[in-house]
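**Q** If you want the building blocks of each chain, they are given just below.
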Amino acid sequence: MTDPTPLAEVRNVSITFPGVKALDDVSFRLLPGEVHALMGENGAGKSTLIKALTGVYRIDSGAILVGGAQQHFTSTASAQAAGISTVYQEVNLCTNLSIGENVMLGHEVRGWAGINWRRTHAEARRVLGGMGLGHLDPRAPLSSISIALQQLVAISRAMVTESKVLILDEPTSSLDAQEVATLFDVIRRLRDSGVAILFVSHFLDQIYAISDRITVLRNGQFVGEYLTTELDRTQLISKMIGKDLESLRALGSNRQVAERDRTAVPVMSADNIGRKGALAPTDIDIHRGEVVGFAGLLGSGRTELARLLFGADRADTGTVRVDGKKVVIASPRAGLAKGIAYATENRRDDGIIGDLSIRENIMLAVQAQRGWLKRVPAREVDRLVATYMERFSVRPNDPDRPIRLLSGGNQQKVLLGRWLATEPELLLLDEPTRGIDVGTKADIQETVAELAEGGMSVVFISSELEEVVRLSERIVILKDREKVGEVVNGPDVTAESIVSIIAGTSEGESA
Amino acid sequence: MSYLKSLVRTPWFWGAVGIVLLLALNTFKDPNYLAIGVNPTTGLLSGNILDILRVSAPIIMIALGMTFVIATSGIDLSVGSVMAVGGAVAMETLSTLNAPASPGAMFAAIALAVLLGAVLGAVNGFLVAVIGLQPFISTLVMMLAGRGIARVITGGQNTNATNAPFRELANGQVLGLPLSFVLAIVIVVLIALVMRRTALGLMIESIGINPQASRMAGIRPRPILITVYTLSAALAAIGGLFTVSEVMTVDVSGTGYQMELDAILAVVIGGTSLAGGKFSILGSTIGALLIATLNKTVIFLGVSSAATPAFKAIVIIVLVLLQSERIREMLLGRRSRRDMTIPPVTNPATRTEEAVA
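Taken in order, these protein sequences are the chains called C and H. Counting from 872, one number per residue, gives the positions in the first sequence under the working numbering. Counting from 65, one number per residue, gives the positions in the second sequence under the working numbering.
No wet-lab data here; the hints were simulated from the structure. Check each hint, because a few of them may be wrong.
Stated by the list, open to error - Taking lysine to aspartate or glutamate and the EDC-like style, the derived pairs with C-alpha atoms no more than 20 Å apart in a straight line are:
#1 H/K342 - C/D1271
#2 C/K1110 - C/D896
#3 C/K1197 - C/D1154
#4 C/K1110 - C/E1096
#5 H/K360 - H/E310
#6 H/K342 - C/D1154
Throw the hints in and build the complete structure from the sequences for me.
**A** Next up, the structure:
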């Protein structure tokens, strides 16, 4: 079969940063009417390639072609002018403007007296309608719709320019299953109209659901381009990490579920804990050395429950006991004092302190526990930092580097180090493996198992039900901000059985 | 070469260059500008450099306090007014005690001024940290209220007083240097030690960079914010003491007038971002010295008073432009790899590191 002319093509491109070869002779092409997935671990060069294609970075050698003609992008604007639009992981929209204003920003319809808002909004409605979003009111504020819809608005915005090439960088990382389905509808619609779509996601299921072709990068090098139908998951993952996956598989199948005495005093026990608008009153016990999974869709209340247990939000009903003693946990500081640590799902806003170094980020919680007067001695800091940087093999191995310069996976490792350094009795992990590469994922899963064996109690929250089932001894199931069930893990518990519990308690709506 | 490179990237480098250039300009106009003489009647040293150091002392004080406030991503517009309050308290105390030679009266004046300054700062801190008002508004209110308080203290007069030990603050010398400057440097060093030997500095930066994540890491922002605003106002009161001791009169409408702007400029020239985060105490001190040099240069060169603000503005804008990495790269014709459009979230560790003092 002969392939049509690519709409966009990257030919033998190299980009070097001081000390790093970020892209080394990489080629990549986007054919009209296809969804092309770009795969690779963190640091493989995906972001760099996208930034070369969108004019953020300039290339050292090679060529970028759009519609067969060579391009020399000097800015993101020149890439957009060539017809390449991008929607980034974090929605880049103005929440205080209306939906229509966001869609048409920079492309407002002008009349004789400046912008003609009526026609601008009519045009916005037309574009939204073309995306199957006709039900949205262009005059409503953007903040009135969900993150998922905002993502779709961002894509509509890209379509205003009639782009032939659309780059979606992790568009699904904050969406739930329903929303992903809506997004995929839109993507398919665009694909069928001839748009070439570059799709980046860490969710393998989504890659297989939507993509026609896969290009794999590793360490800045081109590994290969494959038709999705000709590459199974195991092959894909081993190409991404450059080794076979026996270690990853072994973890799941061999984990022994210990017979647990659930009559002992729990490490943490919450009665009727709840918060208006966040979580209906819920009971939960967590025992020593136990891994408890919180399963549920995004927005089901799993994060809200963890935040209440930690003290990030204040519960307005219920009582909490730690080691049998009644306590009030009204702030993260109070949670830490009771031996509870919470690794957030929102690393950027609630986790990292961007300009501080890896070292300072690791020791921050320990320092906060001791108060500002008692500085943690330099020797102890060095020991803690060395311990956790080694344990998680944080890259780059330079504790003085600001954490914002690290990749997402490495930031996550540093944050895990921060919480483990406080030696918690109960560790709440909220989506610890989201947006990070397969290798790090396996590291983190292994760490969870080790910690529990060492006597720490762990709450594990993840959108990937397989992961929850594989790691947890007991699974608490939440839906619509309410606990709807609890199962002790066993041979007959699978991701499917969890889904059916979630589905069974709703009014005919399934995940 | 690489040492020179990292020096150029140091935030306070261009401030220091600015000081040298201004002094060179003055020396060009008058070759004796840098000369230091001995006053035959008092036996003290005198000279333009010593003048600059003396007038820099109050600016160093308010710039120091402003550094920490700005590092928490706040701002303190009240420092100029608090200087007037500090000066008013001191002059009123000294004229009431009427003990022209008593060191005790001096200590009482200093203690009361710093105490009242700290109280006003604590009010700022309370409004910002507990009530949750914007720092701009809280301290703007205090800027207006401060002048009023100063007037109430002196009964609307420009009180003057006689007290020899207090007068020495600005007019005395230690090892040939103005006493107020030496005291200012001692205070800077002490506070720098407190900031870096305890975790206070780290927590201030942490709150300034990401308040939400800092809270999640267990840091309590309130006591730290209150501390920072209290410190800023206490230092401003000390700055007020240095200012009034020069002439032994408080000018309730003139003392510290618009000095908050000098303090903010000194901090910015010193390399602390107005967005908060990493701060540089050395940078702010050099920034304050630059402002003092600039103020004296304007007078020395005989720039007409109408043109003075414009002259100052030009010098400062040039400095700030030189500090910007983007402008430097443009001037040096180097291409920029910096990602200007997207927040650095998922970017691998490929960007060049910024030098942080």
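**Q** Would you mind marking each hint as holding or not holding in the structure?
**A** Hints versus structure:
1. For the hint pairing H/K342 with C/D1271, the CA-to-CA distance comes to about 14 Å; that is within 20 Å, so the pair holds.
2. Between C/K1110 and C/D896 the CA atoms are separated by roughly 18 Å; this keeps the pair inside 20 Å, and the hint holds.
3. Of the supplied pair hints, the one linking C/K1197 and C/D1154 holds, its CA atoms being roughly 15 Å apart against a limit of 20 Å.
4. With a C-alpha separation of about 11 Å, the suggested pair C/K1110 and C/E1096 falls inside the 20 Å cut-off, and the hint holds.
5. The straight-line distance between the Cα atoms of H/K360 and H/E310 is roughly 16 Å, inside the 20 Å bound, and the hint therefore holds.
6. With a C-alpha separation of about 43 Å, the suggested pairing of H/K342 with C/D1154 is violated against the 20 Å cut-off.
Comparing the model with each numbered hint stated earlier shows that hint 6 is the single one that does not hold.
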